[in-house]
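Participant: Here's the letter readout for the chains.
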Amino acid sequence: MKSITRSKPFDEMKKCLGRFDRIFVIGCGTCATMTRTGGIEEVAEMIAHLQEWGKIVTGSTVIPTACDEMTGAAMAENGQAIRDAICILVMSCALGVQKTAQYINKPVIPALDTLFIGIEESPGIFREACDQCGECVLGETAGICPITACHKGLINGPCGGTNNGKCEVDKERDCAWTLIYQLLEKQGRLDLMKKYQPPRNFHVAPRPRLIRVTNHQSPVEGQ
Amino acid sequence: MTQSLREALDSGRFVITSEIGPPKGTNIARMLHHIDLLKDKVDALNVTDHQSSVMRFPSIGGCLAIKERGGEPILQMTCRDRNRLALQAELLLAYTRGIRNVLCLTGDAIPVGDHKQARGVFDLDSSQLLHTIRLMESGKDLGGNDLDGAVEFCAGAIVTPEAKPLEPQLARFEKKVEAGAEFFQTQAIYDLENFTRFMEFARQFRVKVLAGIILLVSARMARYMNDNVPGVLVPQNLIDELASAPKGEALSRGIEIAGRMIATLRKDAICDGVHVMAIGRE
Ligand code: SF4
Ligand code: SF4
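If you read the protein sequences in the order shown, they are chains D and L. All residue numbers for the first sequence refer to our numbering, where the first residue is 1 and numbers rise by one. All residue numbers for the second sequence refer to our numbering, where the first residue is 224 and numbers rise by one.
One should not assume that every hint holds.
Unchecked claim - Only pairs whose alpha carbons sit at most 20 Å apart, straight line, appear in this in silico EDC-like list of lysine to aspartate or glutamate:
id, chain 1, residue 1, chain 2, residue 2
1, D, Lys194, L, Glu405
2, D, Lys194, L, Glu397
3, L, Lys387, D, Glu185
4, L, Lys262, L, Glu230
No lab work stands behind these hints: they were computed from the structure.
For reference, chain L alone in the conformation it holds in the complex (with noise of 0.2 Å):
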């Protein structure tokens, strides 16, 4: 990989983003795996950080990996699991192994996750930690102190844009934005007249926009992402379309379907290029 992140966003071109999810435990040579296949047919890959509150091997370890191996990480950083001063901490040390891309989250809450009776931090909130990123760009942490040597950071959030109801979630963009983010990755679309709606109101703000594709492989999988995923709309006419599939050909179907739709992101030029969750099945 040439070029950073950031680079990549300025360039103009079509930005195309994938994410690995860290193993529960030391074995970690599937991670590596998927790292090596990914790794240079992407611009930048994100490592995970407790996904749904479980327990796994962390983001930056997963992210030092990608640095090893020659790809570009994004690490990953919710606010659920350290308080402000662990979270400043974990930003320098990305930083000096030469991190360069942070997207920052709140977090999802502790009960959905396997460590129930845990704590949730939340010392920060997403909104916050990109305003610490650029606090720590200055020169300066959350106490007011000075730092010896900052940090600099392509600094990112994320973005639901079919958030039920939505304005909320619009504000908090915005704040987002505000805050310091320079781009978003958004939880998976799949209707594009809602996300190009979505898109001229993110227009307005100087951001870059990737919107997230999750692979469907299957309708049972689209209707149980429209039961149980907050903001995820997978139309009728998708799962109907997966539904009629021939047996055994609902993955390719699925494939077909978000290739069509990357296809039109990029002829059309609605966002800047996609992030891409394969869900295990790279």
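Bound-form chain D, shown alone (with noise of 0.2 Å):
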């Protein structure tokens, strides 16, 4: 699982920066490495970029993965550098962004804009796979996942659309729906292709979702 990134636009990071003029820089080693857009080679470029800026930075460091509990003894170890800051830009998915900013008093920005939760399909090509929807389907749909691989989502089948097995909205994309069905078929299992499926449920887990794991039994909602 890779929790997909990219940068903002400059100006608009500009513009988040505002008068903040002395900054400090987080990146992570995990997915926003992999993803070129929080590495240390992705963090050492934005120095340079807000120094240009005529920023000062105080310190950076990558931390091996921004979203866990290694994001607060990085912290502390940095801590003069992250003290003389105004700010902390953070080159992370927005997991990171929100970790960091449990552990600090002052402002935190994101320097990426989070996409989507995806797997690396073939080397730099990552795929949306999962939008966590709390009621998964894969087990009908051949293992591939309507709400994220059709455009509009849909459970109950194809669209009017679909052309040449490409979907409406790209010439250059699958629709998911002829994928299901050829790969149902070669199963022998066509008959899901008519099973109709109600409508979804959008509050499975009500938002802000919250999960209590414990020893003896699956996850529980809720505190």
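Using the supplied hints, reconstruct the complex from the two chains, each of which is provided in its own coordinate frame.
Facilitator: Structure below.
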């Protein structure tokens, strides 16, 4: 699993940073390194840009995994440089940004836009694979997720926009439901194409979702 | 209009429907003019619902105008712009205002339209909307609550007989029948042999099928449709026929082709009627 990110446009980032002129930069050694948006090299490039814009960079670190407890430890290690900064610029997915914000009472600015949770299809190609919908239907759709692979997230089969097996929004992209049909056919399970799926439950785990994992049972909702 | 769409479909005669595209703005004079031109020539008139995801005057507004002018409206409802609360509420409104026909569509994707940053809703899809109508007819809403006054609709859906590949569409067609569709209007068809094959499949079910007819106004338009409109296939011989028309006569040649197709569909009782989409040239 990878949290897929994209760098924010420089103009937007500049605006976010505004008059903050002393900045500490945090990168992430996991997903953002894979997507080349927040690894060691990108952090170094960012520092050069910030300096070009007349900012003072008080320090930087690339946390091995910015979304877990290591963030706290890494920030403690860089205590002085962080104290010297007016804001923290975080080059990780939004999970790392939020984790950072829990540890410090200073403005935390995201340098990246978090796009989706994806899997690496082939080197450098990341595909959205799951929207965490809370009611997984993969068992009936030949392992293809209709929520994410179909542009409209349809669960009852293809819309009328399918064109030569491609999706109506993009001639380059496969229509998910054409693929599902073909795989179900190969598996001899075409009856599933005719099974009516009732309206989805969009409230399976009410927001904000919170799960407590205990030793002896599967995770339970709530505190 | 004295007969409802359901009565017309049940009568066994060849049914003709057409459609109205509401304006982008409050100037509805042209729409009203089109309604007046068509309402007595057809059995019912669809009003499109933000067709191609382009924001326009609403379908229900057009349907009310048809009703006021003595026509028989078909309310097109897509699932793209409203969640299940709003869809059900609109069905209640439509029923109380005498609208008795609904065409259930999933809806085109947002990016093909003119509000590309909008959120596509798709809380329901067309099959689920059909199901919802049948549920509301039984006096319940989707939340399982009792309705104080139920609805009753002649509900239909669309099908694309020229889709490639066709099989997934046929599975979806069956699902729509199962969910309660009593009539289908098809995407534009031009190849009668293909369409006849499709009808052999469709005849297994107790539903009425109205063949979609879009007037071809030039060979260029025909080629454009082949390249850009999903599920539309204009055979080469028709393109040649349009191309061979003398200058300025392609339109009348197109009318001739459409007329010939409708005549064959009717004479050979291939389907139950036609849905004529004239795209602004009525
Ligand atoms: S159906 Fe799709 S979005 Fe839902 S849990 Fe399964 S993979 Fe994820
Ligand atoms: S063409 Fe296929 S993938 Fe695209 S929206 Fe329709 S069903 Fe979904």
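Participant: Please go over all the hints and tell whether each is borne out by the structure.
Facilitator: Hint check:
Only pairs whose Cα atoms come within 20 Å are accepted, and Lys194(D) paired with Glu405(L) is accepted, the gap being roughly 17 Å. About 7 Å separates the Cα atoms of Lys194(D) and Glu397(L), which keeps this hinted pair within 20 Å; it holds. Only pairs whose Cα atoms come within 20 Å are accepted, and Lys387(L) paired with Glu185(D) is accepted, the gap being roughly 16 Å. Under the criterion of a C-alpha separation no larger than 20 Å, the hint pairing Lys262(L) with Glu230(L) is consistent with the structure, at around 16 Å.
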